[in-house]
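J.: Chain B: place on chain A using the hints.
Which chain is which? The protein sequence lines are A and B, in order. To convert, note that position 200 of the first sequence is 200 in this note's numbering; the numbers rise steadily by one, no gaps. Count along the second sequence starting at 1, add 202, and that's the number in this note's numbering.
Source of the hints: derived by calculation from the structure; they are not laboratory data.
Beta-carbon label-pair distances, calculated as ranges:
(1) A/135 to B/391: 37 to 43 Å
(2) B/284 to A/20: 45 to 51 Å
(3) A/135 to B/453: 50 to 56 Å
(4) B/409 to A/152: 43 to 49 Å
(5) A/182 to B/394: 30 to 36 Å
(6) A/13 to B/613: 50 to 56 Å
None of these values were measured; they are calculated from a predicted model. Glycine residues also receive a C-beta, built at the ideal position from the N, C-alpha and C atoms.
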Amino acid sequence: MERIDVIIASVGAAAIVATVLGVVFYEELASVQDVTFDEFDREVAALTGEDVTGGANYQFMVGQNATSASVTVVVRHDGAAYNPSGGSVRVEFLGPNGTSLSDTQQLTCSGCPSPTGTQLAPLTFTFDARFFDAPTDTTTEDPAAFDQNKTWMDNYQVRITITNPTDTVPSQAGASYTFEADITVAETYFQHRFVSESPENI
Amino acid sequence: MAGARGQWNSRFGFIMAAVGSAVGLGNLVRFPREMAGQGGAAFLLVYLLLLLLVGLPAILGEMSLGKLSNLSPVNAFRKLAGNSKSKWAVLGVFGMLAAIFVLFFYTVIAGWALRFFFESFRDGWWSDPTGLHGEIAYGPASIFWNLAVTAVTVYIVSRGISGGIEKATVIMMPALFAIVIGIVIFATIKDAASGWEGVKAVWQPDFSELRMTHVAKATGQVFFSLSLGQGAMLTYASYMEKKQSVAKDGSTIAFADTGVALLGAMMVFPILGFTGLLLQYGEAGTFDMAFIALPNAFVAMGDVIGRIVGTVFFLGLFFAALSSAISLLEVPVSVMVDNLKTARWKAAVLVGMITYSFGVLAATSQTWLTLFDEVAINVFIVVGVALTTLFAGWKAPGVAKELDAGLKSRIGVYLVWMMRTVTPALILITFVYGGLFNGDNEFWGTHDNPSNWLHLVELTRDAFAGR
Numbered sequence: 001m002e003r004i005d006v007i008i009a010s011v012g013a014a015a016i017v018a019t020v021l022g023v024v025f026y027e028e029l030a031s032v033q034d035v036t037f038d039e040f041d042r043e044v045a046a047l048t049g050e051d052v053t054g055g056a057n058y059q060f061m062v063g064q065n066a067t068s069a070s071v072t073v074v075v076r077h078d079g080a081a082y083n084p085s086g087g088s089v090r091v092e093f094l095g096p097n098g099t100s101l102s103d104t105q106q107l108t109c110s111g112c113p114s115p116t117g118t119q120l121a122p123l124t125f126t127f128d129a130r131f132f133d134a135p136t137d138t139t140t141e142d143p144a145a146f147d148q149n150k151t152w153m154d155n156y157q158v159r160i161t162i163t164n165p166t167d168t169v170p171s172q173a174g175a176s177y178t179f180e181a182d183i184t185v186a187e188t189y190f191q192h193r194f195v196s197e198s199p200e201n202i
Numbered sequence: 203m204a205g206a207r208g209q210w211n212s213r214f215g216f217i218m219a220a221v222g223s224a225v226g227l228g229n230l231v232r233f234p235r236e237m238a239g240q241g242g243a244a245f246l247l248v249y250l251l252l253l254l255l256v257g258l259p260a261i262l263g264e265m266s267l268g269k270l271s272n273l274s275p276v277n278a279f280r281k282l283a284g285n286s287k288s289k290w291a292v293l294g295v296f297g298m299l300a301a302i303f304v305l306f307f308y309t310v311i312a313g314w315a316l317r318f319f320f321e322s323f324r325d326g327w328w329s330d331p332t333g334l335h336g337e338i339a340y341g342p343a344s345i346f347w348n349l350a351v352t353a354v355t356v357y358i359v360s361r362g363i364s365g366g367i368e369k370a371t372v373i374m375m376p377a378l379f380a381i382v383i384g385i386v387i388f389a390t391i392k393d394a395a396s397g398w399e400g401v402k403a404v405w406q407p408d409f410s411e412l413r414m415t416h417v418a419k420a421t422g423q424v425f426f427s428l429s430l431g432q433g434a435m436l437t438y439a440s441y442m443e444k445k446q447s448v449a450k451d452g453s454t455i456a457f458a459d460t461g462v463a464l465l466g467a468m469m470v471f472p473i474l475g476f477t478g479l480l481l482q483y484g485e486a487g488t489f490d491m492a493f494i495a496l497p498n499a500f501v502a503m504g505d506v507i508g509r510i511v512g513t514v515f516f517l518g519l520f521f522a523a524l525s526s527a528i529s530l531l532e533v534p535v536s537v538m539v540d541n542l543k544t545a546r547w548k549a550a551v552l553v554g555m556i557t558y559s560f561g562v563l564a565a566t567s568q569t570w571l572t573l574f575d576e577v578a579i580n581v582f583i584v585v586g587v588a589l590t591t592l593f594a595g596w597k598a599p600g601v602a603k604e605l606d607a608g609l610k611s612r613i614g615v616y617l618v619w620m621m622r623t624v625t626p627a628l629i630l631i632t633f634v635y636g637g638l639f640n641g642d643n644e645f646w647g648t649h650d651n652p653s654n655w656l657h658l659v660e661l662t663r664d665a666f667a668g669r
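Only chain A is shown next, with the shape it has when bound in the complex (with noise of 0.2 Å):
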């Protein structure tokens, strides 16, 4: 046997016992890894929601990790009176369980124009809501099992609330009023990070 296999033999074994020891200790021999948390945005499914007497419901879940909430309602209503006055929408946006996430916002109309028919311009709401705070950076020596992920199980609501106005002079026709609303939901999430160093010399 020349000296070179012995030499190849022996590293054989200490390549051996380095596999051992590596696939025996890796969780000590672990990097501790930095982890950062981004923001990023996206759009909410369309929404639908049900027509109730006056206005409407519309609910809603938010994603996972999900950290804030921006709607947007456009009310669009239309109607016929000879002289309508009075009217308003009221526009909530609502936590799980009824909880108020925002101011309400209304908006009326008194004195509405045009002796034809009234026509509100579309009334656009904007409620920001942020009901939770990302993360804050940390480490880990596990990538694997790592998981701050946040689900929410609960639903949030857009409440529409309209009261149609009284016309002061009877038209020939009766007075009558359709509405429709759109709304989006912007979202923002966290997504977390590793930090890993890359070598330069690849």
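T.: Chain B only, in chain A's frame:
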């Protein structure tokens, strides 16, 4: 016909092997990120200038030494210095040690690419594009895949120059080019349809971004990209036929390497652009880009297209990494074969087992992986490249004549002048600058934003402290 020491069967085979040595993960993923983050086309202009001033003279100098001596790194310096006991031989040792240190972690990274390729058939990264890399990068799985890649590398190198390395690279490199070009065409068409956001992100020139630190980074990118200072180009050139031209082939290799880097830029950022992930992952690091951002992008492409593009991408990534690992292993193997007259396969097995054993550390700890890279760069490569270039310019006989061989014009004397003056000066200036100043031009830097040498000190401390 292959010589007793081994020889390339064809010029094409040599160029494929050498381009394979140069092209790696950095071309496909790191260069695009550097370009996008440091001024786009402005950075590219600086890079090309440094390629001409630093990269080309350095690679031609190193290749000349290999072809003139027809020997592996250590003996090449002894022969060309005209003294078998010459202290210049230490440069050969530097190159060999650099190759070994890089191999400690390079096969680990190649193992990740191979694992991701196999996971393409098992829904691995498809079902968890963000989390898979974190789960498998360090630990027993990574040790196993490192072993698999090392075994493949050892096998190919043990088969010899023409029977192993050339045969493997003439298949892998054309396949890689076809994969990259195919993905580039697809990604460019899709990015065009969605407003060129990805292309703009990587190409938009911004000269205000250029600072001395970026020039230093571009210099480093040039010679890491060309595999300089690790003995690989010298070793490969030592197997060239006499009639081959160092100037022609070396230039082909350098520009092909840059071409692949530009294709990488046209691949990665258009993909992020048309899948809407530019904001989220546009500044991701190299590993995050390859193993988190792009898998997410492939998933966003849709079921059929995303799976196909992702699968071929990871195959290409593996080919790029494996071809580089092969050239690195060949360096110490050739030194052993030339000096100890060891059988090639025994040398390959021995070196493979050594690099695998230390690679267990890189496969379990990010700190050790990065430390091996920083030691290779700061201790062996940069100084080795500068001194090798000076040796080729001042000491080695016949370099100018070798560079003129096969050419109509006489450029050798100009290239030798560069090797004597401009090239090593630029290397050393940027090395010292990067060692002492961080990215914000602060002397020594801080823990969160260190200079290269502070980073090396802290990595060494953390590695031995088990952090």
